[in-house]
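Novice: Add 4 to the 1-based position in the sequence shown for the working numbering, that's all there is to it.
FYI, nobody ran anything at the bench for these hints, they're computed from the structure. Since the model is a prediction, treat every value here as computed from it, not as a measurement. Just to be clear, a hint being listed does not mean it is correct.
[To be verified] Restraint-style ranges between C-beta atoms, simulated for each label pair:
#1 Lys-16 / Lys-36: 34 to 44 Å
#2 Lys-36 / Phe-61: 15 to 25 Å
#3 Gln-37 / Ala-89: 29 to 39 Å
Virtual Cβ for every residue (Gly too), placed ideally from N, Cα, C.
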Amino acid sequence: MCNEYFATLFQKKTLSTILGEGDLVIHCLEPKQGYSYSDLPDANNAGRDIGLDPQLFFDNDPAVLVCTLIHELAHVAGASTDAGAAQPQAHAAELALMSCSCKKQYRKEVLGTIKGLGSDSGFGRRYA
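With the hints as constraints, model all of the structure from the sequences given.
Specialist: Take a look at the structure:
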């Protein structure tokens, strides 16, 4: 189901194809003191670069990191990074969670931009 969903995104490539096409660069993004994640610039095109909160690597629940990576890989596959885009384009990366064994982590309010989901979200802190 996950490969099939990815094939519906802009690049029309499966997740397996995206992963097999070469290196992905993961940037650990943490705002400088006095700034928040909402102050970080929005991406126009994800390319093969992914920005993650470094705390995700230390979360007790590996699903938080895995499902955030699925969301971010959907951007690599062409899901919009524009929260102002029309629905469902603005929500396409988050919808990948529904098809990729991450239904518990899915949040209908997450759009194509950085959004902090605190510990009250039900599965710990996630930025996507």
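Novice: It remains to establish, for every hint, whether it holds in the given structure.
Specialist: Verification of the supplied hints:
no.	hint	result
1	Lys-16 / Lys-36: 34 to 44 Å	38 Å, holds
2	Lys-36 / Phe-61: 15 to 25 Å	20 Å, holds
3	Gln-37 / Ala-89: 29 to 39 Å	32 Å, holds
Of the hints listed earlier, there is not a single one the structure fails to meet.
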